[in-house]
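Visitor: One line per chain: the protein sequences are Y and E, in this order.
Residues 1 to 327 in the UniProt record's numbering are what the first sequence lists, from first letter to last.
Residues 1 to 423 in the UniProt record's numbering are what the second sequence lists, from first letter to last.
There may be inaccurate statements among the hints.
[Claimed, not checked] Per the computed footprint, the stretches of chain Y lying under chain E, defined by three or more beta-carbons under 8 Å from a beta-carbon of chain E, are: (1) 99-110; (2) 192-203; (3) 218-224; (4) 268-281.
In case anyone wonders, no lab produced these hints; they're calculated from the structure.
Cβ atoms here follow ideal geometry from the backbone N, Cα and C, with glycine treated the same way.
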Amino acid sequence: MSELPPSSPREHLSKASTRHTLLIQNAIIDATRQHLTAQGFTELLPPIIGPVTDPGGRGSKQVDVDFYGHRYKLMTSAILYKQASLTAFDKIFYLAPNVRLEPLETCNTNRHLAEFHQIDVEIGGATREDAMAVVEGIIVNAVRRVLTTNAADLAALGRDTTPFTELLEWPFDRITHPQAVANLRDLGYEQSPDAEIDWQNEQHLSAKASRPFFITDYPKGSRGFYDRENLDDLGRLRNFDVIAAEGYGELCSGSEREYDYKRIVARIRESGENPAKYGWYLEMARDGIPASSGFGIGLERLTRYVAGLTSVWQASAYPKVPGVVSA
Amino acid sequence: MSALHAPGFPEARIRDRARFGTASVFPAADGYGHTLFGADGATAPADEIDAMRLVPPVFMPLRLEKLIDLAREPMYGDVDLTTEIGGFRSSLPVYVSAFGSTQVASTDLGIAVSRQAGRLGLPMVIGENVVPVNGYGRIGTGTEKSLVGRVRAYAEAATGGLGGVVVQQSTEDADAEVWNLVYSDPTATALLETGRLAFELKVGQGAKPGLGGMTVLSESAADRLSGQFALDRVLGDGDRLLRCASPGTFTEEILRQQIRFMRNNFPRVQVWVKLHPGRDIADAADVAWRAGADAVTVDGAEGGTGWAPTAFLDHVGLPLAECLRRLRPVPKLGSLLTSGRMWEGTRVVKALALGASAAGLGRAALLAADTDPEHGLTRLTEALALELRLLISALGKYATSALDPEDVWSPTMTVPQRQESLI
Numbered sequence: 001m002s003e004l005p006p007s008s009p010r011e012h013l014s015k016a017s018t019r020h021t022l023l024i025q026n027a028i029i030d031a032t033r034q035h036l037t038a039q040g041f042t043e044l045l046p047p048i049i050g051p052v053t054d055p056g057g058r059g060s061k062q063v064d065v066d067f068y069g070h071r072y073k074l075m076t077s078a079i080l081y082k083q084a085s086l087t088a089f090d091k092i093f094y095l096a097p098n099v100r101l102e103p104l105e106t107c108n109t110n111r112h113l114a115e116f117h118q119i120d121v122e123i124g125g126a127t128r129e130d131a132m133a134v135v136e137g138i139i140v141n142a143v144r145r146v147l148t149t150n151a152a153d154l155a156a157l158g159r160d161t162t163p164f165t166e167l168l169e170w171p172f173d174r175i176t177h178p179q180a181v182a183n184l185r186d187l188g189y190e191q192s193p194d195a196e197i198d199w200q201n202e203q204h205l206s207a208k209a210s211r212p213f214f215i216t217d218y219p220k221g222s223r224g225f226y227d228r229e230n231l232d233d234l235g236r237l238r239n240f241d242v243i244a245a246e247g248y249g250e251l252c253s254g255s256e257r258e259y260d261y262k263r264i265v266a267r268i269r270e271s272g273e274n275p276a277k278y279g280w281y282l283e284m285a286r287d288g289i290p291a292s293s294g295f296g297i298g299l300e301r302l303t304r305y306v307a308g309l310t311s312v313w314q315a316s317a318y319p320k321v322p323g324v325v326s327a
Numbered sequence: 001m002s003a004l005h006a007p008g009f010p011e012a013r014i015r016d017r018a019r020f021g022t023a024s025v026f027p028a029a030d031g032y033g034h035t036l037f038g039a040d041g042a043t044a045p046a047d048e049i050d051a052m053r054l055v056p057p058v059f060m061p062l063r064l065e066k067l068i069d070l071a072r073e074p075m076y077g078d079v080d081l082t083t084e085i086g087g088f089r090s091s092l093p094v095y096v097s098a099f100g101s102t103q104v105a106s107t108d109l110g111i112a113v114s115r116q117a118g119r120l121g122l123p124m125v126i127g128e129n130v131v132p133v134n135g136y137g138r139i140g141t142g143t144e145k146s147l148v149g150r151v152r153a154y155a156e157a158a159t160g161g162l163g164g165v166v167v168q169q170s171t172e173d174a175d176a177e178v179w180n181l182v183y184s185d186p187t188a189t190a191l192l193e194t195g196r197l198a199f200e201l202k203v204g205q206g207a208k209p210g211l212g213g214m215t216v217l218s219e220s221a222a223d224r225l226s227g228q229f230a231l232d233r234v235l236g237d238g239d240r241l242l243r244c245a246s247p248g249t250f251t252e253e254i255l256r257q258q259i260r261f262m263r264n265n266f267p268r269v270q271v272w273v274k275l276h277p278g279r280d281i282a283d284a285a286d287v288a289w290r291a292g293a294d295a296v297t298v299d300g301a302e303g304g305t306g307w308a309p310t311a312f313l314d315h316v317g318l319p320l321a322e323c324l325r326r327l328r329p330v331p332k333l334g335s336l337l338t339s340g341r342m343w344e345g346t347r348v349v350k351a352l353a354l355g356a357s358a359a360g361l362g363r364a365a366l367l368a369a370d371t372d373p374e375h376g377l378t379r380l381t382e383a384l385a386l387e388l389r390l391l392i393s394a395l396g397k398y399a400t401s402a403l404d405p406e407d408v409w410s411p412t413m414t415v416p417q418r419q420e421s422l423i
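One chain only, chain Y, in its complex shape (with noise of 0.2 Å):
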């Protein structure tokens, strides 16, 4: 059983351990704005609330809202807008609130919040390819800065900063998932390779990995119905996941978009839903959106990874582990 946040706010904010924490999620966000910025992204500000979301997966529950007598969601991520906002900006980016009530199992997962953030990219004309350069270009701009500014708060911390030395020299290595699959069970462990990567083989493959590295080409039926289905290889997304090393896990997941209505209508029943709850979305994809590329970051998730912490509720100021009642 992994530990839990204290029960009162005051207890985990006045930590210093909190405060170190908050400063270098604090400069990872400070870096990431300049960065994107200087590569011509437009920050759009987040919905919060709207009629659908992100379907999500691995059995996370949407809130609903009660909008004026309609039931409305709490964004678990803003995907769809994302790709709606193409029609302003070719590159937009968000650092986004999403709320999920992950299954309770996750509480001891030591990375999963119930309420986290996304740097949020959607970059119109991408490919996934392209898409993958920005990941890794935010990630090791951040942890360059972080070694630059806050050195003290990284020592504070007691972080090990040598694996870094490693990270610095991009790109990522790159694996598939077939191949992910293949190397799990060369270890001894269970994998379906129609599914998701499990979480516990996650964290085995990164932690035998020295700086991050992507898994891509997910199967089909293991993410959501906007990640591009790879009509050369069906079955096959254009899909991608960025998996920390030393045994941090996941910290970002991306893909080319669908963006021909026919296919999106036809990846949404095969996730098992009615078309009709994303009317508007359909309406914009019936008279045409961009084609693009993007992913999420996970806030918390890459300020514990480079902060090198046990759980990535210490990444948050307020944490919500699932099923865990606290302020």
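Given the coordinates of chain Y, assemble chain E onto it according to the supplied hints.
Guide: Here is chain E on its own, set in the frame of chain Y:
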């Protein structure tokens, strides 16, 4: 006992079993000694399965095996009825089918059935539309009839480690995120941790193949649901409206990916798929099993507790016997579950002999609980268990998995020719 009726179903005999249990497996005992008993030739069979006969052989090698095992002559009590059903262990080759949000089930009967099914160690399916129609019950009051009430009643009674709860979801339920709700709810934790929770993807149902769920609602209830379901004023001028769920669109790829999505998103539950008796039932079951379904339920056209147009009840969908015949060549990669007019032993044993792993009690479970909310289902099940033991042992077998097609004879089935001797 309420005003619940099941026309066309042997309601009186089921209520009899719910009252008298095992005694009702036999003619009235007080007639013994002065009544001459024999087959009742007057009752016409309801379908092909009812028309079949169970045919015990004279020579019984499996009885010899059992005799050697026991070192005494086996009796019917030696039949082991425990069965694997879609990833659960069940005390009988029987589970309780979904009866959804139909008005008859949304009273306290749902809770009464749950409690008894849990105590008996029988898997129980909770139907679609329970959440949209009755509420979930996590936050709010007065929702004991809702899904969480049924899950809790079952889990509290199911102390023996057998059975499990199966939560159904159809296309409209996906809006209410029924599976996500259950998967992240503390009420389900005990079942999840013991591997006794399953989710069932409802593709269709026997009573109205090709259509979605239908219920009759009052004006006030209809107002509440108008955003979620199609409502049709086709039931005359009264206060009653027809509520229709969409049937959902399926292709091979959609079914395959929906099952993989379930496996991916809910790795700790068993995955069940309920199919209507479509003409491509064999292909659909094959896709479902290959995609990783632990159980495929085939609801014969004889099935159904709910509301359906009369045209569908009498004329649409394959009978269960034909479904089982078409499924025979398909490699069975998981359990094959059947429902439709199940309430007594012979039909269950015939279904098992024709390839089913277990049979579902739908209307029968409701009627039994309606007759006696505390003990009705228990007595019906005890009678059924006794009958199963009598029948299976008569066939010279002592496990449900040993049954096969040679155990049934059909007046309409081609008799296999004896192999010519090669000598």
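Visitor: Hint by hint, note whether the structure agrees.
Guide: Against the structure, the hints:
Residues of the region 99-110 of chain Y with a Cβ under 8 Å from some Cβ of chain E number 5, which satisfies the need for three, so the listed coverage holds. Requiring three or more residues with a Cβ within less than 8 Å of a Cβ of chain E, the coverage given for the region 192-203 of chain Y holds, as 5 such residues are present. With 4 residues bearing a CB less than 8 Å from a CB of chain E, the region 218-224 of chain Y meets the requirement of three and the coverage assertion stands. A stretch counts as covered by a chain when three or more of its residues have a beta carbon under 8 Å from one of that chain; for the region 268-281 of chain Y and chain E the count is 7, and the coverage holds.
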